[in-house]
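Colleague: Listed here are the chains, written in short residue letters.
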Amino acid sequence: MADSAQRDQTSAAPAGGSFLLDPAGSHPFFTVDAFNEDQLGMAAEAQRFMEKEVWAQERGLESKEGKAERRMVKVLRKACKLGFCAVEVPEELGGLGADKVTSLLMTDKFGTNGDFSVTYGAHCGIGLAPILYFGNQAQKEKYVAPIAEGKLVSCYALSEPGSGSDALAARTVAKLNDAGTHYILNGTKQWITNAAWMDVGIVFAKIDGDKFTAFIVDRDTTGFTIGPEEHKLGLRGSSTCALIFNDAPVPVENVLGEIGKGHRIAFNTLNLGRYKLGVGALALARRAVAEAIAYAADRKQFNTRIIDFGAIREMLADSIAQIYLAESLTYRIAGSIDQRLQGLDHDDPTFIEKQMAAIEEYAIEASAAKVWCSEALDRILDRCLQWHGGYGFVEDYAVEKFVRDARVNRIFEGTNEINRLLIPGTLMKRALQKRLDLVGAVTALFKTVAVGVPSLPAEPQGLDTAKYALQRMKDLTLLLAHAVSSRYGAGLDKEQETLVALSNLIMEVYAVDSGIGRTMQRMAQGSPEDVAVAICTLTACEGLDRATTSARRVVESCYTGAQLAPWLDKIDRIGVHVPADVVALRRVIAADAVDKGGYKLSNY
Amino acid sequence: MKILVSAKRVSDPNARLNISRDGKWIEGDVEYILNPFCENAIECALQLAEAHDGTETVAVGIGDDETARFIRQGALARGVDRGILVEADEAVIDSDVIARIYQGLCERERPDILLLGKQAIDGDSNQVGQLVAEYLGWPQATFASKVEIQGDEVIVQREVDGGLETIALTMPCVITADLRLNEPRYASLAGIMKAKKKPLDELEMDDLDLDSTDPKVRVVAMSTPAGRKAGVMVKTVDELVHKLKTEARVV
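Chains as they are written, first to last, in the working numbering: chain A, 17 to 620; chain B, 78 to 328.
With the rest of the complex left out, here is chain A (with noise of 0.2 angstroms):
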């Protein structure tokens, strides 16, 4: 029975980019409010592995006397011993087999430590899923278990000092010795996290200067070198130091999956990576503000604790608000491809294909996660250290170091710029692969305006408001990529302005959508839900202020004169102005906070 239940979701798991199209709710989709007993339990023990392991000694961890004691080392090889590295490790090579909300969980737990979210992200995340996915069966009994166990530390190498967004422009080379032993490899790989402990790496570099190609590379490889640590903005606990290759012979078993086919490994585990980093932010941000609540209701000013001025709250609200929206979209993705997994044979010799193209599919949701919470944690922890005053500016409190740690997510895993130029383009082929209806949808949407946007009802109840706003933002996200695609054509990947205002509505659809499915499901285990429901009408107000002005600019950027016009009609039938008294909305969403002691809307 159970089976067939699950089966049935799978069917239901909705196309990647369909949020821009169907009317928020219309899919229900995995929330941090459905975990089960055995994950809150995972949860409840990170946590605590997290506050007594690695909390309790951060800023030694940080230190010269703790890099040189390798520390962290000695906290990921205790996290590995408790399994916390073989969450994703399948069942028949000594792992957990866990899903991937699971693994999110995971993630998340360890993201409230910048340097071990990434000294674990790099071992087991990027430096073992492509030996989990690509490896064959020598390499995963090889590796797979020595790395989960934390017997070797492993890494995931592909940056290179010339090439960084540009991966594929690597210059690392590699080339089959005569006896086709060994592929002996030149070259330098920069910015790789782990480097100075690693044992084994995941290494691209290019056969004969052309193939570009994933391999599994030994510490131990002769003509193989580890530069010196790099100095950072943040992370200082993490290592951060190149891979330098000078006639390494690496042995032609150790060539990882397909000649030639690295860049499916490469851009395969960004994908996988990219949501997880989503999370990672989510967590940190989570932590700062619990951080920042007790100072600011232990401050005093004035006579008055600090956290009852208006000016506090109302960051505290905003903060509040996007932390609940980053878990919501967050753990969407992860819910959504491990319905897409559910009902597929392991056995099965295309499972990793299929695997694959479910990770693929929620391309677009994977990005938009990386770039709304990256930047949503920075705004999130300027407004922490603001409030600490003074205090925000020096080492006593953990503000200034998580301002630190945070700034690199913005850079790391495809910058925020790449990603935003893959949202728009992403959705534009799947468009014309017919995979999402795009045109149908502005069809329709035509239909719709020169009809009469419908207009809000008169006395708007629970996210009546929101719903109506988001709608709003999708028409009006989809009438810009109209105008901009009418207008560019196959030229508009030339125009980087353009696609980032087009991209920047997208994930802001993603968000507020996802923010209001969560709170319709929240709603219909009967409670009220008086916070979220001002979280979403918050957030879906504000969201479509931005959307229509942004549309506006765009429009106006791309055509002049009579051309225009009909555009900018367009955008002002849809771009309505919802009201809302969004002080009164802030101060419900911080009053929740400030009595709960904390950020309460999720409870794990």
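Honestly, the hints are just simulated from the structure, not real lab data. Here the structure is a predicted model, which means the values were calculated and not measured. Heads up, a few of these hints could be off.
As the list claims (entries may be wrong) - Derived, one-sided and incomplete: chain B residues facing chain A with beta-carbon distance under 8 angstroms:
hint : residue
1    : R93
2    : R146
3    : A154
4    : Y263
5    : A264
6    : S265
7    : A267
8    : M270
9    : K273
Cβ atoms here follow ideal geometry from the backbone N, Cα and C, with glycine treated the same way.
Since the structure of chain A is already known, use the hints to place chain B on it.
Modeller: Then chain B, alone, in the frame of chain A:
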């Protein structure tokens, strides 16, 4: 050998508690954790079981359905073999009723050692271990900081004022765990997954054939700590010394 060990949930000391409207209990909507002293007791039971083959460990929780989660996560996930939940209303029962429940359980399960946390960190009563030892007529070692089995005896090091006392007990016996007894382990993820497959019996107090289930102590009132009084500014050192002598009476 068989060890019966407590897994009591307590209100999270970091959470804010609200006193119920009748002023006699706390409101139900609080966050709970496993009593830290029970964590020490569980760790001790697991270490003894690891050192002595064939030892069965059984964790006991007393409370409502939610308590089962703490038995599973706090004890079974760490490696305890099975659990028993005795259903009871924590707002009504006192230390004496809890001791009688343990008495009933010991008569039913016949363990060689009953291992309890020295006290629960919310009620801080520190009575159950002592009472149940009396009811069972078993020897007891409270505030244990080291426990070893040598032959037929249990050797317990106790923390007493000004030092340590080492005593030897015959089994069956009651031991209560202190904080320095050990460093409680983490549950592994595999352990957490296995925990739900382990047996967890649910009993009612009636199943235990207890002599008495009437509490002898009732809570009359609960109140939050009084807020700190405002300080006074003094102008001179002399005035400060004067106030310290006459008002604070500390010098």
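Colleague: Does the nearest C-beta of chain A fall within a distance shorter than 8 angstroms of the C-beta of R146 of chain B?
Modeller: holds (7 angstroms)
Colleague: Quick one, is the S265 of chain B hint okay against chain A at 8 angstroms, beta carbons?
Modeller: Hint on S265 of chain B: holds, closest Cβ of chain A at ~5 angstroms, below 8 angstroms.
Colleague: With a cut-off of 8 angstroms on the beta carbons, see whether R93 of chain B makes it to chain A.
Modeller: holds (6 angstroms)
Colleague: Go through the hint on A267 of chain B and say holds or violated, using the shortest Cβ distance to chain A against 8 angstroms.
Modeller: With a closest approach of 5 angstroms, the A267 of chain B hint holds.
Colleague: Taking 8 angstroms as the limit, does the beta-carbon of Y263 of chain B come near enough to a beta-carbon in chain A?
Modeller: holds (5 angstroms)
Colleague: Holds or violated: is there a CB of chain A closer than 8 angstroms to the CB of M270 of chain B?
Modeller: holds (6 angstroms)
Colleague: Does the closest beta carbon of chain A sit nearer than 8 angstroms to the beta carbon of K273 of chain B?
Modeller: Hint on K273 of chain B: holds, closest Cβ of chain A at ~7 angstroms, below 8 angstroms.
Colleague: Quick one, is the A264 of chain B hint okay against chain A at 8 angstroms, beta carbons?
Modeller: This interface hint holds because 5 angstroms falls under the 8 angstroms limit.
Colleague: Can the hint on A154 of chain B be confirmed by a CB-to-CB distance to chain A that is less than 8 angstroms?
Modeller: This interface hint holds because 6 angstroms falls under the 8 angstroms limit.
Against the hints set out earlier in the document, no violation occurs for any number.
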